[in-house]
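Student: Order-wise, the sequence lines are chains P and Z. First residue of the first sequence? That's -2 in my numbering, and the numbers climb one at a time after it. First residue of the second sequence? That's -2 in my numbering, and the numbers climb one at a time after it.
No wet-lab data here; the hints were simulated from the structure. For every residue, glycine included, the Cβ atom is placed at its ideal position computed from N, Cα and C. Heads up, a few of these hints could be off.
Derived Cβ-Cβ restraints for the label pairs, each shown as a range [claimed, not checked]:
#1 R71/P - D106/Z: 44 to 52 Å
#2 H64/Z - A77/P: 25 to 33 Å
#3 D66/Z - R12/P: 39 to 47 Å
#4 Q53/Z - E80/P: 41 to 49 Å
#5 D31/Z - D75/P: 31 to 39 Å
#6 R12/Z - P14/P: 16 to 24 Å
To list a few chain Z residues with every Cβ distance to chain P over 12 Å, as calculated [to be verified]:
#7 E4
#8 R18
#9 P32
#10 G40
#11 E46
#12 D47
#13 P72
#14 A77
#15 E80
#16 L97
#17 L118
#18 D125
Protein chains: 2
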Amino acid sequence: MSEAHYELTPIGTVRSPLTDRAAAPKQGYEGSPDPVVIEFVPGVLEGLEDIRSGDQMVVLTWLDRAHRDVLRTRPRDDPANPEVGVFSTRSPDRPNPIGLHVVEVLSTDRGRLQVRNLEALDGTPVIDLKPVLPGVPDG
Amino acid sequence: MSEAHYELTPIGTVRSPLTDRAAAPKQGYEGSPDPVVIEFVPGVLEGLEDIRSGDQMVVLTWLDRAHRDVLRTRPRDDPANPEVGVFSTRSPDRPNPIGLHVVEVLSTDRGRLQVRNLEALDGTPVIDLKPVLPGVPDG
């Protein structure tokens, strides 16, 4: 690891019925509890003002219950799968445990966004939110 | 802003001819200098072992020259555009300046990945690398 580091400040928190990592679906498309709420901190509300229901957004989270010392893993925690380098997987356990989720905004109410398709444990810090750009396959 | 914070440790660095933010294209699809190299730190090489040329990957970067106190901005820095909340844009200037790039791997040579389509300034820290999952529009 490099000596440099950078500091993330959460902009919000996931409020979800998912509280147990073992019970979480292994990939978002297998089902996430809908809707899930993101509660934003008061200091960033101005930045949310142009988000509308129906928007497709990328949510970046900090997977605060992940293990950061993992470099090889079995995809989906399945012992039948061979171990592979962690950067070829979406495992939460990785040096910088950033979650990437494509969600649909269902409703906005100032500091609260209801979204569909966010698989993250209750209390997970949200660190960024970006639009999905039409025509650009970069979620 | 919340009081909590989390520490990112770079896993690599972008080596690119792009050195000047003013000269950078405003969106990746308008053209990025190809190929660009990502140099990884020795401590994470095991995690890269299953990446192959041709793989489509999501690269997350820390846009270390961005301004973190921006909540409203004009898309693409164009004065003709109305100001909007920063979370409805891909502007690098945002509370946690994380860049999201979908790249194609051209070649791998242990700690060096040559990629196509990475628009980031020379020296930009790389913080994560994930596969693009087939069938899942989540970059």
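Student: Going by Cβ atoms, does R18/Z stay more than 12 Å from chain P at every point?
Tutor: holds (18 Å)
Student: Evaluate the condition: distance from the CB of A77/Z to the nearest CB of chain P exceeds 12 Å.
Tutor: holds (17 Å)
Student: Does the no-contact call for E46/Z survive, Cβ to all of chain P over 12 Å?
Tutor: violated (4 Å)
Student: Decide, holds or violated, for the assertion that all CB atoms of chain P are farther than 12 Å from the CB of D125/Z.
Tutor: At roughly 5 Å from the nearest Cβ of chain P, D125/Z sits no farther out than 12 Å, so the non-interface label is violated.
Student: For G40/Z, is the shortest CB-to-CB distance to chain P above 12 Å, so the non-interface label stands?
Tutor: Incorrect as stated: the minimum Cβ-Cβ distance to chain P is 5 Å, not above 12 Å.
Student: Since D47/Z was said not to touch the interface, does its Cβ keep a gap of more than 12 Å from each Cβ of chain P?
Tutor: Its Cβ does come within 12 Å of chain P, the nearest being 4 Å, so this is violated.
Student: Looking only at beta-carbon atoms, does the pair R71/P, D106/Z fall within the given range of 44 to 52 Å?
Tutor: violated (26 Å)
Student: Does the claim that P32/Z lies outside the interface with chain P hold up, using a Cβ gap greater than 12 Å?
Tutor: holds (18 Å)
Student: Could one say that the CB atoms of Q53/Z and E80/P fall in the range 41 to 49 Å?
Tutor: violated (22 Å)
Student: Indicate whether the distance between the beta carbons of R12/Z and P14/P respects the range 16 to 24 Å.
Tutor: About 44 Å separates the Cβ atoms of R12/Z and P14/P, which means 16 to 24 Å is violated.
Student: Does the claim that E4/Z lies outside the interface with chain P hold up, using a Cβ gap greater than 12 Å?
Tutor: violated (5 Å)
Student: For the hint 31 to 39 Å, verify it against the beta carbon of D31/Z and that of D75/P.
Tutor: holds (36 Å)
In this structure, the earlier hints numbered 1, 2, 3, 4, 6, 7, 10, 11, 12, 13, 15, 16 and 18 are contradicted, and the remaining ones agree with it.
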